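Novice: Below, each chain spelled out in residue letters.
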Amino acid sequence: MASDKQKIIVVALLVVTFLFYSFYLYSSLPVKDYTINEESGKGKLVWQQYNCNACHQVYGLGGYLGPDLTNVYSFRGKEYIKAFLNIGTATMPNFHLNNQEINALLAFLNSIDASGKSDPRSFTIKYDGTIKQ
Amino acid sequence: MEPLNNKQLTTPKLFMIAGLLLLAVGLLFGFTGALQYLVPGFLKQYLSFEKIRPLHVSSIVFWIIFGTIGAVLTYLSQHSGRKIYSPLLTKIQLIIFILSIIVIFISYCVGIFGGREYWEFHPLLALPIAAGWVLFLINFIKSVGSFKKQPVYVWMWLTGIVFFLFTFLESYLWIFPYFRNNVVNDMTVQWKSYGSMVGSWNMLIYGSSIFLMEKISGNKPFSYSVIAFALYFTGLFNLMFNWGHHIYTLPTYNFIQYISYVVSMTELFIFGRIILQWKSSVSIARKHFHHTAYRFLIAADVWIFLTLLLAIAMSVPAINVYTHGTHITVAHTMGATIGINSFLLLAFAFDILHDTCLPFTLYKKWFNRGYWITNLSLFIFWISLIGAGILKAKWQMSAAKIPFSTMMLQLRPFFIVFFISGTVMMAGFILILYPLLKNQFICYLKNILKKRKIKEQHVSGIFAMD
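Line order of the protein sequences matches chains W and E. Quick note: the first sequence uses my numbering, first residue 1062, plus one each step. Quick note: the second sequence uses my numbering, first residue 1328, plus one each step.
Excised from the complex, chain W in its bound form:
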């Protein structure tokens, strides 16, 4: 049986490594461009306010009732998205968004689109089982 001291050492090592990993990520976030797009920032909050995530995905994370919207901006275009936002669908309610909210959401979707691609077909599978875009 291991002593309490040995157990504490193992846990302490793990905790210190975890904290280092966490604070490294916080202080050095993956995307270094910190320029704030005010419109897109507002759009993100509109996205959260209407809980869009419940039905839609971004980078494959979120709900399953609607499509992934990561690259919808470049794939379908602004007008197409606007039409859906204004009318809704059989499943999606018309949230009666005002013009400001719609423009903010469009700016947000544009910023997501610019951040990368979510299409799994765009990934290369490497021999070691990892993937690369």
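One should not assume that every hint holds.
[Unchecked claim] Taking lysine-lysine pairs in the DSS-like style, the calculated list, with each CA pair at most 27 Å apart, reads:
1. E/Lys1340 <-> E/Lys1418
2. E/Lys1780 <-> E/Lys1765
3. E/Lys1692 <-> W/Lys1143
4. E/Lys1475 <-> W/Lys1068
5. E/Lys1469 <-> W/Lys1068
6. E/Lys1371 <-> E/Lys1476
7. E/Lys1547 <-> W/Lys1068
8. W/Lys1068 <-> E/Lys1542
9. E/Lys1778 <-> E/Lys1542
10. W/Lys1143 <-> W/Lys1178
11. W/Lys1193 <-> E/Lys1721
12. W/Lys1143 <-> E/Lys1728
13. E/Lys1542 <-> E/Lys1410
14. E/Lys1692 <-> E/Lys1773
15. E/Lys1340 <-> E/Lys1773
16. E/Lys1765 <-> E/Lys1778
17. E/Lys1371 <-> W/Lys1066
18. W/Lys1139 <-> E/Lys1728
19. W/Lys1066 <-> E/Lys1547
20. W/Lys1178 <-> E/Lys1721
21. W/Lys1178 <-> W/Lys1103
22. E/Lys1542 <-> E/Lys1469
23. E/Lys1371 <-> W/Lys1139
24. E/Lys1469 <-> E/Lys1340
25. E/Lys1728 <-> W/Lys1193
26. E/Lys1692 <-> E/Lys1340
27. E/Lys1691 <-> E/Lys1418
28. E/Lys1340 <-> E/Lys1765
29. W/Lys1103 <-> W/Lys1139
30. E/Lys1475 <-> W/Lys1066
31. W/Lys1068 <-> E/Lys1476
32. E/Lys1691 <-> E/Lys1765
33. E/Lys1728 <-> W/Lys1178
34. E/Lys1777 <-> E/Lys1340
35. W/Lys1066 <-> E/Lys1469
36. E/Lys1765 <-> E/Lys1692
37. E/Lys1721 <-> W/Lys1187
38. W/Lys1187 <-> E/Lys1782
39. E/Lys1410 <-> E/Lys1777
40. E/Lys1691 <-> E/Lys1340
Rather than coming from a laboratory, the hints here were simulated on the basis of the structure. This one's a predicted model, so the numbers in the text were calculated from it and none came from an experiment.
We have chain W; now place chain E onto it with these hints.
Specialist: Okay, now just chain E, sitting in the frame of chain W:
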């Protein structure tokens, strides 16, 4: 004065009962959500899917949290042989949590959201939850007293409580523009916290199941053994570093993928192996004594094995790229939350609550039916999700993609099976939960009547003396 009832409805038991009620409510919301998949526009005017989904998710997440708190507090008290440090703190925590949940549910119904996965409520409502959790931490530390020579489950409980608090707070870093301004940065931190948070409540649940296993088997030295601690350290290692499998396809740091891939999900495998070893050592008599609780531990064993297969596959990035964003991920989540977490929590519930003041044997037939119905329908439910996921993965990878709505129509047969099996599973759960909750309610009423009777006797005694 004779004790009113030596098996009183304590606050930890109330946590468990509230958790069971949340499970029932969560099943009902899940049923409604599944119906919305089949009947587009169902309840769209009043409770559309963006409201039903958080109602379902929050009910189930809080069932896990409530059930876990109830189990940890009860088992901690049984382990130490003493009462919990402060029953008042526990009561305050329960009241805070219940009031918060009521407000959260109302806010969802009127369309007020925080809009994040898991915690879809307004961020202000996170404050009472965090405060309640701090009370839990204080109560736990004070109740344990000395941490010297403690078994592995006490370490697991402490780790689970501390890391849940850490990751819960971490999941709210998005309120600072620095973290949320870029979607990749935001999602990296978000899924770092969520991945570890699931590991935290697993730590609490697995710790409790080790305690229960030990209670059933009487295999005391296990929780002090090297293998038990090796298991615990592996679990902790996974909790801290395997969260990256959620975001393999996100254009974030590559090292997140490598670390997560290497650390992988070995925790469930080792855990399942240990439970199987214990099973062989349990005597038939003891098995019979804890029958209902033990049965759920066996069911959880099977689900650990099935979920493990999916978990290992999904932790390989080359496979994850196909399964990510499909219903295979949902199958994994359902297998883990229903087959493992809920079954283990039901094992604790039956251990803690059954035979409180009425014999449970009256309901044995109901329980048996409910148990088998739940397990078999869960398996069909799980398979239907994997089937839907395979078709969606095929669609995601096809060269000429048909529209999303057409693909969803193709998945419809799987959704029909998903809905039917889900409904049958709900019926199975009701057969299991109903007698348990009914017993508690009758015991509660009996207790009140007994108290009243004693009070009346006392008063009439005073008058008689006069």
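Novice: Does each hint fit the structure? Answer for all of them.
Specialist: Right, here's what the structure says about each hint:
1. Under the criterion of a C-alpha separation no larger than 27 Å, the hint pairing lysine 1340 of chain E with lysine 1418 of chain E is consistent with the structure, at around 11 Å.
2. Taking the CA atoms of lysine 1780 of chain E and lysine 1765 of chain E, the gap is about 22 Å. The hint holds against a cut of 27 Å.
3. With a C-alpha separation of about 57 Å, the suggested pairing of lysine 1692 of chain E with lysine 1143 of chain W is violated against the 27 Å cut-off.
4. With a C-alpha separation of about 11 Å, the suggested pair lysine 1475 of chain E and lysine 1068 of chain W falls inside the 27 Å cut-off, and the hint holds.
5. Among the hinted pairs, lysine 1469 of chain E with lysine 1068 of chain W is consistent with the structure: their alpha-carbon atoms are about 21 Å apart, no more than 27 Å.
6. The suggested pairing of lysine 1371 of chain E with lysine 1476 of chain E is violated, with an alpha-carbon distance near 57 Å, which exceeds 27 Å.
7. For the hint pairing lysine 1547 of chain E with lysine 1068 of chain W, the CA-to-CA distance comes to about 19 Å; that is within 27 Å, so the pair holds.
8. Our distance criterion of 27 Å between C-alpha atoms is met by lysine 1068 of chain W and lysine 1542 of chain E, whose separation comes to about 24 Å.
9. With a C-alpha separation of about 33 Å, the suggested pairing of lysine 1778 of chain E with lysine 1542 of chain E is violated against the 27 Å cut-off.
10. At most 27 Å may separate the alpha-carbon atoms for a hinted pair to count; lysine 1143 of chain W and lysine 1178 of chain W meet this at roughly 21 Å.
11. This hinted pair checks out: lysine 1193 of chain W and lysine 1721 of chain E have alpha carbons roughly 20 Å apart, not beyond 27 Å.
12. The suggested pairing of lysine 1143 of chain W with lysine 1728 of chain E holds, with an alpha-carbon distance near 22 Å, which does not exceed 27 Å.
13. With a C-alpha separation of about 18 Å, the suggested pairing of lysine 1542 of chain E with lysine 1410 of chain E holds against the 27 Å cut-off.
14. Distance restraint check for lysine 1692 of chain E and lysine 1773 of chain E: the Cα-Cα separation of roughly 24 Å lies within the 27 Å cut-off, and the hinted pair is therefore satisfied.
15. A hinted pair counts as satisfied when its Cα atoms are at most 27 Å apart, and lysine 1340 of chain E with lysine 1773 of chain E qualifies at roughly 16 Å.
16. A hinted pair counts as satisfied when its Cα atoms are at most 27 Å apart, and lysine 1765 of chain E with lysine 1778 of chain E qualifies at roughly 20 Å.
17. Annotation: proposed proximity of lysine 1371 of chain E to lysine 1066 of chain W is violated, straight-line Cα distance about 59 Å (limit 27 Å).
18. For a cut-off of 27 Å, the pair hint linking lysine 1139 of chain W to lysine 1728 of chain E stands: about 21 Å separates their Cα positions.
19. Between lysine 1066 of chain W and lysine 1547 of chain E the CA atoms are separated by roughly 21 Å; this keeps the pair inside 27 Å, and the hint holds.
20. Simply put, lysine 1178 of chain W and lysine 1721 of chain E have alpha-carbon atoms about 18 Å apart, close enough for the 27 Å limit, and the pair holds.
21. A threshold of 27 Å between alpha carbons decides the hint, and for lysine 1178 of chain W with lysine 1103 of chain W the separation of about 22 Å falls inside it, so the pair holds.
22. In summary, the hint linking lysine 1542 of chain E to lysine 1469 of chain E is supported, as the alpha carbons are separated by about 23 Å, within the 27 Å threshold.
23. Of the supplied pair hints, the one linking lysine 1371 of chain E and lysine 1139 of chain W holds, its CA atoms being roughly 26 Å apart against a limit of 27 Å.
24. Between lysine 1469 of chain E and lysine 1340 of chain E the alpha-carbon distance is near 20 Å, which keeps this suggested pair within the 27 Å criterion.
25. Among the hinted pairs, lysine 1728 of chain E with lysine 1193 of chain W is consistent with the structure: their alpha-carbon atoms are about 22 Å apart, no more than 27 Å.
26. Annotation: proposed proximity of lysine 1692 of chain E to lysine 1340 of chain E holds, straight-line Cα distance about 24 Å (limit 27 Å).
27. Taking the CA atoms of lysine 1691 of chain E and lysine 1418 of chain E, the gap is about 32 Å. The hint is violated against a cut of 27 Å.
28. Distance restraint check for lysine 1340 of chain E and lysine 1765 of chain E: the Cα-Cα separation of roughly 14 Å lies within the 27 Å cut-off, and the hinted pair is therefore satisfied.
29. A C-alpha spacing of about 17 Å is found between lysine 1103 of chain W and lysine 1139 of chain W, which places the hinted pair at or below 27 Å, so the restraint holds.
30. Restraint check for lysine 1475 of chain E and lysine 1066 of chain W: satisfied, since their Cα atoms lie roughly 10 Å apart, inside the 27 Å limit.
31. Between lysine 1068 of chain W and lysine 1476 of chain E, the direct Cα distance comes to roughly 10 Å. Compliance with the 27 Å bound is thereby established for this hinted pair.
32. A hinted pair counts as satisfied when its Cα atoms are at most 27 Å apart, and lysine 1691 of chain E with lysine 1765 of chain E qualifies at roughly 14 Å.
33. Distance restraint check for lysine 1728 of chain E and lysine 1178 of chain W: the Cα-Cα separation of roughly 16 Å lies within the 27 Å cut-off, and the hinted pair is therefore satisfied.
34. For the suggested pair lysine 1777 of chain E and lysine 1340 of chain E, the alpha carbons sit about 20 Å apart, so the restraint of at most 27 Å is met.
35. A hinted pair counts as satisfied when its Cα atoms are at most 27 Å apart, and lysine 1066 of chain W with lysine 1469 of chain E qualifies at roughly 21 Å.
36. Of the pairs offered as hints, the one joining lysine 1765 of chain E and lysine 1692 of chain E holds, with about 15 Å between alpha carbons and a cut-off of 27 Å not exceeded.
37. Our distance criterion of 27 Å between C-alpha atoms is met by lysine 1721 of chain E and lysine 1187 of chain W, whose separation comes to about 20 Å.
38. The straight-line distance between the Cα atoms of lysine 1187 of chain W and lysine 1782 of chain E is roughly 77 Å, outside the 27 Å bound, and the hint therefore fails.
39. Taking the CA atoms of lysine 1410 of chain E and lysine 1777 of chain E, the gap is near 24 Å; set against the 27 Å cutoff, the hint holds.
40. A C-alpha spacing of about 22 Å is found between lysine 1691 of chain E and lysine 1340 of chain E, which places the hinted pair at or below 27 Å, so the restraint holds.
Of the numbered hints given earlier, the model fails hints 3, 6, 9, 17, 27 and 38; all others are met.
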